[in-house]
Amino acid sequence: MNARQILIRDLLVLFGLAGWAVALPGFASEFVTSMALTCLMYVALSSSWAMFCGTTRYLSLATSAFFGIGAYTSALSLEHMPWAQAVMLGALIAAAVAIVMGAAVLHLRGTYFAVLTFGMTELIRHAISYFEKSVTGTVGRVLMVVPEASTVYYTVLLLAVLAVALSIVVRRTRFGLAMLGIGADEQRAQTLGVNTRIIKIAGFALTAAVAGAVGAAMSVRWTYIDPHTVFNPFIGFQTVLIALIGGAMTLWGPLIAAIVFSVLAETLRLQVPQIYMMSLGLLLILSVLYLPGGLASVRADTFRGWGRDLRAWWADLRDELSGEKRRREAREKQLRERRHGY
Amino acid sequence: MSFSSWIELIASGLITGGIYALVALGLNLQYGLMRILNIAHGEFLMVGAFITWMVQTSFGLSPLWMIPVSFALLMAIGVAVHWLCFRRLTATSPNLDVFEARGLMVAFGLMFLVQNAISWIWGGDLRGYDFLTQPVAIPLPGGQAQFAVNKLLVFALALLFAGGLIALLRMTLLGKGVRALMQSPVGAQLVGIDTRRLHPLMFGIGLGLSGVAGCLLSMAYTISPSMGEPYTVTALIVITLGGFGSMGGALAGGLLLGVIEALGMHFTNPSLKALLSYVVFIGVLLLRPEGLFARKTRKA
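From first to last, the protein sequence lines stand for chains D and W.
Residues in the first sequence are numbered consecutively from 1, following the working numbering.
Residues in the second sequence are numbered consecutively from 1, following the working numbering.
These are computed hints drawn from the structure, not numbers from a lab.
Everything numeric in this text was worked out from a predicted model, so none of it was measured.
Cβ coordinates follow ideal geometry from the N, Cα and C atoms, glycine included.
Check each hint, because a few of them may be wrong.
[Claimed, not checked] Short derived list, chain W residues pointing at chain D, Cβ under 10 Å:
#: 1; residue: L33
#: 2; residue: W83
#: 3; residue: C85
#: 4; residue: R88
#: 5; residue: E100
#: 6; residue: A101
#: 7; residue: R102
#: 8; residue: Y278
#: 9; residue: I282
[What the hints assert, rightly or not] Listed next, with one range per pair, are the computed distances between beta-carbon atoms:
#: 10; chain 1: W; residue 1: W6; chain 2: D; residue 2: H228; range: 30 to 38 Å
#: 11; chain 1: W; residue 1: L173; chain 2: D; residue 2: N232; range: 53 to 61 Å
#: 12; chain 1: D; residue 1: Y154; chain 2: W; residue 2: A72; range: 53 to 61 Å
#: 13; chain 1: D; residue 1: Y154; chain 2: W; residue 2: T57; range: 53 to 61 Å
#: 14; chain 1: W; residue 1: S5; chain 2: D; residue 2: E148; range: 57 to 65 Å
#: 15; chain 1: W; residue 1: L190; chain 2: D; residue 2: N232; range: 43 to 51 Å
#: 16; chain 1: W; residue 1: D130; chain 2: D; residue 2: V139; range: 41 to 49 Å
#: 17; chain 1: D; residue 1: H107; chain 2: W; residue 2: P270; range: 57 to 65 Å
#: 18; chain 1: D; residue 1: V263; chain 2: W; residue 2: L126; range: 45 to 53 Å
#: 19; chain 1: W; residue 1: F147; chain 2: D; residue 2: H228; range: 31 to 39 Å
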């Protein structure tokens, strides 16, 4: 397939999935619809995360900061302006914060960057809780004006489709190629004339805008928000987990993983929440160790590779236990000595 | 403020600082030597604290006996974790950057796993026990300062273990090997230092120290399954203060952060504590990423 055919295939798949999701509230129960809403939220968050962080390999843990900023913006502004405007304002403010934050921290790479974005998220959370407690004297916000549940669903669906479409389009533009170049070798990209600073800040802001819009749209679902809920670092962690388990470099990986996770979460979380979290941790470790490319990179070859590894391990263990390895070593040593004798 | 209350304030800062230093030393050993940023470090501290609490309340054994036990147990867990996860990660990662990113992710997984396993077994309540809580008065010029015995004991033991680790690294052949590996992994392997033995051992010692820190913490404070994460963050702050990989820096940074927090909390208000430590953290990371006490600049 050439590039054009792949583009058409991707757009058709997206169109089909979106159409199915549009029809969902019509025939499914309320429970399934709310599950689909969570699923769409993570599709939007992790697709947009993978678009920047997957390609440039800048591991950002700040998603929950942008999500929370969006949620607070819509909570404060929903009484004064219409729904669409509030969501857009949330995206804009999150992007503005990302530009400031990115200008400060995007020259640091690797672990420094990951830790610093996490630190900034926590700083924003603690600053807002302190502000609420001591300046305005509140603990959280109650949302008085709430749009209908179906409006929220379709908004989040639109955002998810936008996020996936954005990553389909961006990976074909100069901008997307520049980000890929930064991920492969930042110094070489710079030498080849890519303005890495601007590209990185723009990519970071784009990710933040999607996260902010999703936060703004999702805040009305809770009707009461406080810093602890919306700036919950777990939202950021789970976004990263979903993107990595699905495959941060791939287009459809985050989407597949988001669906798997939402189903897993809803079935396990109600009975034993700890088991859900434990299996999350275990899955993450296993996928990093055995599937570094993510779920979307699974091919028939992957299973054959695992089979080979397993057989090699078993043969090694058998030789070790039966003493074959020791005998072989002794034989080789004897052979060496005999050769030495001549 | 009188002289004795100043002393009391600074001493209480030093006591928390001692624990911070002990936790940070273990994390720093793991990061400095193996480039594993173990986000789950605080969770293992929590495991140490829960084991001590369990043995103390159900068998009535003195928590002092649990210090070597929790060290040995956590060290065994550390060696096992290294063997199960990080050995394969070292073998399959193409370069150090990729290894660091993947190691961080594995550590996140461990964090979820351990924290939720403990809260599943023992539930999420706050727990604690009484151990040597009587106050002791220390006469000073211009009044006297009062401390609980257990906190003084915790401080002394934390300093003892931190000093022990630093002495181990400075004075023994094993420590020399570790320092050589930190300086230049390739060079150290060329002169015959065995990475495959030293890495699991040092990872284990790092976790063992966090187990000791948890054991000490449970003597003086209440414990809960979510207590680990703040200590991980504090340890991160401390090793950025002291410089990644510098042991003396981690000790000094831990004590310094304890005092800064105590003073800050006294003069502003206690709910600012977390905010204050994050401001210190981000400030240091942005302005002096090589650490406060580093003399020469780090090469990229």
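Range hint 53 to 61 Å: satisfied by the CB atoms of Y154/D and A72/W?
-> holds, 58 Å
Consistency of beta-carbon spacing, P270/W to H107/D, with hint 57 to 65 Å = violated, 35 Å
Could you check the hint for me, namely that Y154/D and T57/W are 53 to 61 Å apart, CB to CB?
-> Hint holds: Cβ distance 54 Å, inside 53 to 61 Å.
Hold the hint about C85/W up to the distance rule: shortest CB distance to chain D must be less than 10 Å.
-> holds, 6 Å
Chain D contact restraint for L33/W - C-beta distance below 10 Å = violated, 14 Å
Restraint outcome when W83/W is required to lie within 10 Å of chain D by C-beta distance = violated, 12 Å
Any CB of chain D closer than 10 Å to the CB of R88/W?
-> holds, 6 Å
Hint check, Y278/W versus chain D [nearest Cβ-Cβ separation less than 10 Å] | Status holds, d = 4 Å.
With respect to the beta-carbon atoms only, verify the hint that V263/D and L126/W lie 45 to 53 Å apart.
-> Violated, at about 34 Å.
Restraint satisfaction for I282/W [CB to CB of chain D, less than 10 Å] = holds, 5 Å
Against chain D, with CB atoms and a cut of 10 Å, does the hint on A101/W hold up?
-> holds, 6 Å
H228/D and W6/W - C-beta distance against the hinted 30 to 38 Å = Given about 35 Å between the Cβ atoms, the range holds.
Violated hints for the displayed structure, listed by number in ascending order: 1, 2, 11, 16, 17 and 18.
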